[in-house]
Amino acid sequence: MKNYLKYIVLGISLLAVSCKNNSEKEKTATTDAPQNIGTEKVAKKEDFSDMSIYNLPSVWTTQDGSEIKMEDLQGKVLAMVMIYTSCQAACPRLVADMRNIEKQIPDDKQDNVQYVFVSIDPKTDTPKRLREFAKENQMEDDKWLFLRGTEEDTREFAAVLAVNYKAISPIDFSHSNIISVFNKKGELVHQQEGLGVDNKETIKAIKDFATN
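By the count of the working numbering, the sequence shown reaches residue 223 at its end, each step adding exactly one.
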């Protein structure tokens, strides 16, 4: 039932964005996205299902300062988590969990997977800070992607992932601990909730959907 409710949240969120698009001019991303992103783009936007995050119009800035949309990630399985870099409690464990997942994906599938960290603290997590964080955690390879957006887009995307968060001090947040897996079409296929939990199903989902 819990997963079913999360899919409902995803559908409602995308519907709300769709309605918003009908009344507002859609934002556009710059064309200088990193070379490793969007190189497998083959689907047209109308080919995405209503459940795909690739329908979202929000623009995100990477750790390298490039601007992308979620649809630029199509063609890869996404393992995605929301964190903030100044977190001293749960986030280091989430980073460790993501690294543990990555280590268990076979080399022949790694090119089909993107590991994505989305900041819930865009004020602090500038591209420079995200680059520093990636370096601190030895996540400078192309497979690791760090994103920041506007506060509005971040809150909207958190709803899509069923992630709850709120500021409890000027520098600290309480937040859900959820790792989400999306297939190559941007559809949610699995979620892992908690810290240090059994990740066998998460790894299986990534392997299954990363198959060429």
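Worth flagging that the hints you see were computed from the coordinates, not collected in a lab.
Model, not experiment: these values are computed from the prediction.
Among the hints, a few may not be true.
Restricting the straight-line Cα-Cα distance to at most 27 Å, the calculated cross-link-like pairs of lysine-lysine (BS3-like) are [to be verified]:
#1 Lys139 <-> Lys177
#2 Lys177 <-> Lys195
#3 Lys134 <-> Lys154
#4 Lys154 <-> Lys215
#5 Lys134 <-> Lys177
#6 Lys146 <-> Lys120
#7 Lys114 <-> Lys177
#8 Lys215 <-> Lys195
#9 Lys177 <-> Lys215
Label-pair restraints from in silico Cβ distances [unchecked claim]:
#10 Glu204 <-> Ala178: 19 to 25 Å
#11 Pro138 <-> Lys215: 31 to 37 Å
#12 Ile182 <-> Lys120: 36 to 42 Å
#13 Pro181 <-> Gln121: 22 to 28 Å
#14 Asp61 <-> Asn175: 31 to 37 Å
#15 Pro138 <-> Ser180: 20 to 26 Å
#16 Pro181 <-> Thr222: 16 to 22 Å
#17 Ser185 <-> Ala107: 17 to 23 Å
Virtual Cβ for every residue (Gly too), placed ideally from N, Cα, C.
| said: Of the numbered hints stated earlier in the document, which are not met by this structure? | reply: The structure conflicts with hints 2, 7, 9, 13, 14, 16, although it agrees with all the remaining ones.
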